[in-house]
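2 protein chains.
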Amino acid sequence: MSTSKQWVYGFGGGESAGDASMKALLGGKGANLAEMAKLGLPVPPGFTLTTEVCTEFYKNNRAYPGELSGQVDAALAALEAKTGKKFGDVANPLLVSVRSGARASMPGMMDTVLNLGLNDQTVEGLAQLSGDKRFAYDSYRRFIQMYSNVVLELEHHMFEEILGSHKDTNDYRTDTELTAEDWIQVVAEYKRAVEKKLGKPFPSDPKEQLWGAIGAVFSSWMNDRAIFYRKHNNIPESWGTAVNVQAMVFGNMGETSATGVAFTRDPSTGEKRFYGEYLINAQGEDVVAGIRTPKPLTKASREAMGEGGLSLEEAMPVVFAELTAHYQKLEAHYRDMQDLEFTVERDRLYMLQTRNGKRTAKAALKIAVDMAREGLITEKEAVQRVDPSALDQLLHPTISPKYHRDLICRGLPASPGAAVGAVVFDPDEAANLATAGKAVILVREETSPEDIHGMHAAKAIVTSRGGMTSHAAVVARGMGRPCVSGAGELRIDMKAGAFKVGGRVVKLGETITVDGSSGEVLFGAADMVQPELTGDFATLMEWADKARRMKVRANAETPEDAATAVKFGAEGIGLCRTEHMFFDAERIAAVREMILAETEKGRVAALDKLFPHQRQDFVDLFEIMGPRPVTIRFLDPPLHEFLPHTEEDCEAVAKATGVDAKALLARARELHEVNPMLGFRGCRLAIVYPEIYDMQARAVFEAACDVAEAKGAAPVPEIMIPFVLAKRELDFLKGRVDAIAAEVFAKRGRKIEYLVGTMIELPRAALLAGEIAQTAEFFSFGTNDLTQTTMGLSRDDSGKFLGTFVERGVLPQDPFVSIDAQGVGELVGLACERGRAARQGLKLGVCGEHGGDPSSVAFFERAGLDYVSCSPYRVPIARLAAAQAALAKG
Amino acid sequence: MSTSKQWVYGFGGGESAGDASMKALLGGKGANLAEMAKLGLPVPPGFTLTTEVCTEFYKNNRAYPGELSGQVDAALAALEAKTGKKFGDVANPLLVSVRSGARASMPGMMDTVLNLGLNDQTVEGLAQLSGDKRFAYDSYRRFIQMYSNVVLELEHHMFEEILGSHKDTNDYRTDTELTAEDWIQVVAEYKRAVEKKLGKPFPSDPKEQLWGAIGAVFSSWMNDRAIFYRKHNNIPESWGTAVNVQAMVFGNMGETSATGVAFTRDPSTGEKRFYGEYLINAQGEDVVAGIRTPKPLTKASREAMGEGGLSLEEAMPVVFAELTAHYQKLEAHYRDMQDLEFTVERDRLYMLQTRNGKRTAKAALKIAVDMAREGLITEKEAVQRVDPSALDQLLHPTISPKYHRDLICRGLPASPGAAVGAVVFDPDEAANLATAGKAVILVREETSPEDIHGMHAAKAIVTSRGGMTSHAAVVARGMGRPCVSGAGELRIDMKAGAFKVGGRVVKLGETITVDGSSGEVLFGAADMVQPELTGDFATLMEWADKARRMKVRANAETPEDAATAVKFGAEGIGLCRTEHMFFDAERIAAVREMILAETEKGRVAALDKLFPHQRQDFVDLFEIMGPRPVTIRFLDPPLHEFLPHTEEDCEAVAKATGVDAKALLARARELHEVNPMLGFRGCRLAIVYPEIYDMQARAVFEAACDVAEAKGAAPVPEIMIPFVLAKRELDFLKGRVDAIAAEVFAKRGRKIEYLVGTMIELPRAALLAGEIAQTAEFFSFGTNDLTQTTMGLSRDDSGKFLGTFVERGVLPQDPFVSIDAQGVGELVGLACERGRAARQGLKLGVCGEHGGDPSSVAFFERAGLDYVSCSPYRVPIARLAAAQAALAKG
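Taken in sequence, the protein lines are chains A and B.
Count the first sequence with the numbering used here and you get residues 1 to 890, in order.
Count the second sequence with the numbering used here and you get residues 1 to 890, in order.
Check each hint, because a few of them may be wrong.
Chain copies aren't distinguished; within one or between two, either way the pair holds.
Lysine to aspartate or glutamate pairs mimicking DMTMM-like chemistry, simulated, CA-CA at most 20 Å apart [as the list claims (entries may be wrong)]:
(1) Lys200 - Glu181
(2) Lys329 - Glu374
(3) Lys800 - Glu598
(4) Lys402 - Asp527
Since the hints were made in silico from the structure, they are not lab data.
None of the values given here were measured: they were computed from a predicted structure.
Chain A with its partners taken away, still in its complex shape (with noise of 0.2 Å):
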């Protein structure tokens, strides 16, 4: 036996065990319910079974602690002192519902039982005491009903046919043209269902229903979906859930009494108005239900609405001022907004129910900041209310709620925003077409690092096939465009100038939207709402911004994305990716030529050409950045990325480049390789190849020296070497940039200050940290690639089956959106550590994927780094989501 334990927490009438702070114990729903009581808000009075008694139920094979009864019994006759009713007696019984209740609000658990209580002999007295029969045994049949279902685990339309076929039998429409003897008529057909089914009665004693109750939600905590929904949701399976007992007050005892929701501010808008529905002489199910049309709390909402009727406010002022003050000082009390649930039983009101409402990025914006401001809360606690991942919704265009959308297909939200275009399947076409100032959008089966300069011209992408990891959705959201991909049914059919969904087709030039944050593609063009990035949006910026400890990056590499990354905040470029800069139609011949080349010789001259080009580049980025530090990758993929791969598009290159489509062909298959993401990149390609290395350092530094000259006032570039497993790489390397400096620097009689440092992207790089730090001048961590190599992943390819992964549970979440903090984690760790120990303050930063993910910042914002880099449209994510890391570290 256990020592004595208090199992059963009692609260209501002024009163209450437990209170709000006690959530793990008495579950959400029972610790608020104790909390109203105790602010002395008028709550049916009942008692909470403890989360530690699931626990207990649990450990010991689905057995009680043997304390429980005893202390049930006592709660049920203290609730019994307090409402001055008893349980099963048949002159004035007590009724109950009883609810789960867990520490975070669990859906796929066992919700509610009402009524409870209730048989063929306190259903007689429950009609005396209410004066209305029909709605004793309304009552009761509900009550059979569920608990039959949630309870019983009878089939819900089991009921519905004997109810329909009752209705049907009298001509009935509607349920309320059902009346007493009606009522009473279907509930013997319900039980009489039951016994059938089960083989023997419905139970009519009220403590063997309550028990079965119990038993129901304790169960329920290990079904199926509660499994499913925990893993989904990091639940630990530890926490247990709450059973919450409470005397029922109805709502439909007649038309004094009414049942409704609110929020103590408008969840859709966040603005400061009392914001709900009621009905008359409803039970809560009702309003949920949708059978009848609930009506407005308010007044001026329901003018607004142009709605006739009463709202709650002129149909019961009394309550409604009640109801008024009780909100107002549970939002004062919690010090957030609240969903509130409450029920008026001829006349009396009762509230059932506060917790945190949920709202919409816009609201939760707009209240964070006006708490903030009504002194409701601090600045910081503004900062901490608001998801930054929702902020998404906030900074890019979208569909009007209000536009009638008529659906083409659906596929994957791969980027977020909306856009409208015509349909272009070409990039080429899409880049002559965005030249000439119309807006396109780019349809492709899916698309390749070829394809960027048609990505970079299209308002947004649709692929029909790949996922959230696809080159194009990567690409997209690092641009910022919209982009569906995946989409499956979409069919093209380049000669027929179409694509075609099912029997749909959608010609090449049509204009359709694009719905990247649903994954819808839309025909026509829809109508927009734009984003605002100031008011309060700007102030939550503004305080986050004073919170946080990081500094925040872009990975940017065209004028254009530096510009928006400017534009949202980035206080420097983390991530300049020189091969974008390669696909150009200009330079990649170039770049072939260079790649083609049997000698050194042969390669510089290629390199030369596109020297100025890349000279050119490094000088509009660094005007953009200003002061702000650039970080430039040197070229990292593999060199067949720039080659022509089939045997029809090396003829193609051939015919328009002039070069033998022969050699082109054999060099594509000489560079091919089994794995290119372990294969010749990085830094490999200029341990073989150091002239590629040489001709961009020496760009960047001519464009430097112009940039000075021009502006008198120095970029501040940082050079960052790829794929580095061994310090000789990077000493060699960085040998090569510096001597090209000291050279340029001579030669135009001006010194630039400048970093060399690496990217740790391979665990070896990160064990070896120590040896690498003597070299590198900064580390940036590129956590796409580390996740790769650590958990041997490709990302190209694990789309396949990351999901199913996911699903059953055997990774908590997609390593490539937030960081596998054990693993890739702790490489993270020990790198930033041994990195930081070789050498005093070393720069440490993050330009990976992650780098825009909030719970990565998080982890982050705890390994120490010093900055995070992400795509310029997730800057704002990633400020927010620093500071709430910074502020949650203390």
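With chain A's structure known, arrange chain B on it following the hints.
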């Protein structure tokens, strides 16, 4: 100024400042000369400039320590006192040799200058003293030639031309015909030529000559050849070289003088007999140069070789007796076979050098075993005396050294051993011919997993493409088949049914010999020498087994490989790759059916067809391995490896098997991966299709029960789950394996002990080893894949640049050959530590290619693994390496 330090160490005349233990300071040669002098052997006196002089020289921008000059003068004075001669003295000139001498023997550095101290005056003194003017001038011209070459860096051919034209003019055919006058003329001509070339005369001051030679030795430490050699042999630059200055003795002072080299035992067979050669009236270089043919030292040798003339034993019996006493003393002193140099000057014996003699693998083995039996060394020392890598030569058939090789072409020595067979180009044909009892050699452009059956059937494999780690090379080594890979000149002409090398054509069916140890492909059937695995070999292995701690297992899947493994002393199977069993013609159809099936039911039906084969596989293995553990790795490679890839192949397979070609191609495309190494493979397959491993588990347990029933003794299966990255993968799969085991055991009424473990081949698995070990009952390190992921190096692709990387010193060695102890090794260490902390006594092994590499085996011993597993033919190597590693650890 540095404080006073001893830079110069004298030796000779029965005393020495140094000894054999001071190799770091005096170099190998200097230390051994000092030691011999100390032993009282007749060493010509001299002195050694230490390696610290060299280090100081380079530290101070090629300047000598200030004290050096004085110490050299003092050492010279002492040398003059010991010899009674004077440097530069016309009447009684001291002549010296100057030699380099690093800690490790280093070809590529300056070797020797003899007769230093001669000039136009001292040569006359030498003539007087020796009574032989011709000898004196011959010595002088040799000195000029050597000094000019190694110190003044003039080319040899200049002097050879002068000598040649002098001989022509006088119609001489050999050098011996030249008279004293001739040499005087030649000397004059030499000196003129030098002066013309350098613009200044040949140095005549002995002191100047001496410092010139010393400077040349120190400078040669940094010449390109020396740097290259050091890099390739992991010799640190910081070691530096010493310089040895030693009084000259002359083996060319007439018929009572001689010079020779000797080995205390036969360096080729290891036989215990004094072995060597000498020349009367010659200097050391003449023995090496091969102008005159040296004679054997002993009478027995001379008679055995059927030679005329006199052996040293016969010609100079007194000297021979003295030499015999010296060599016996030296071998006993050094406790190893010695390589000696000696000179006899006018009947007086001088010992010039002793060092541990180089020997063949066979000799190393015999000498080690013999010496241990003689009590000269311990058994443990014998074990440490044999290079494990060299054993490879002894384990495979080799081509008789007497066989005249008709070379067709050369490739890489990809897998050792030699074999004879008929040329075949098609793997199926190879299999058919082999079944018919014919010996065949498979000649292919490159091989793929589909060729396995043909490779197994062949006696050897030749490929025209691919490196040392290509598929052909890796598989051939695993199978113990000789293999020559990357024979670039070889062109296969399938139409003509032949291969061509240059103009030469070798037809299908013609007999060739493959020498996988040298990389040669020969025409015709060579005479073969079979390996001997008994006698000394068996003895040494027995001693090794006593000394080692780690167990040695083999990687094997076929009965043939398993039998070989047992023959070579494997103590279990460490890796049975079940996928290799799936390529068999009978089975591949069912495998493809499984891959094409769209439902679990369809997959199960196909797997049911595979089941009896798979069970038989395990029955065979268990029968051979008896009570030894058998580690069975469940299916690992991505499924597309089992499918044809091109349209044509799909059509061929479709035709042959009756499946739909389009469906086949579509599935192949669907399964195609950008980075298959990081793709849908290993246990990921079974997370999505658990029925695959279910079938394999059932086959293992049914087979185990079958064998246990038949033999009365249970096999020891260890089931290994590959490519694990998270504990939950293993939880899921181990759960299913255990359930199937329970089911089979219940059905069969028998329980077999088994383990379920995991491969650690991903950095994440290594980092999370603590968690994983809660479920895994053993770890086996898959260091191939762990190297690929940790270093970001694809084994299939990195051949193209790894050579450059090692050459440029970026990596010390190919990390697929010897484990990267710093990076990959740290992860192995971490995983061992964390795994054992979580599960006491967790069994740890390695089954990558590194398991058969001696330096990696040493690492694994330090890491505390329980066993290594390698290909059957490397088992003896691993046994010896493991013994040495255990002994080194002490």
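- [ ] If the cutoff is 20 Å on CA atoms, where do Lys800 and Glu598 land: within, between, both or neither? Let me know, please.
- [x] between (40 Å within a copy, 15 Å between copies)
- [ ] Classify it for me, Lys402 with Asp527: is the Cα-Cα distance of at most 20 Å met within a copy, between copies, both or neither?
- [x] Intra 8 Å, inter 91 Å, cutoff 20 Å: intra-copy only.
Open item on the list: Within a copy, between copies, both or neither: which one fits Lys200 and Glu181 at a CA-CA cutoff of 20 Å?
Closed with: neither (25 Å within a copy, 135 Å between copies)
TODO: With 20 Å as the alpha-carbon cut-off, assign the pair Lys329 and Glu374 to within, between, both or neither.
DONE: Classified as within: same-chain Cα gap 15 Å, cross-chain 101 Å, threshold 20 Å.
Violated hint for the displayed structure: number 1, the only one.
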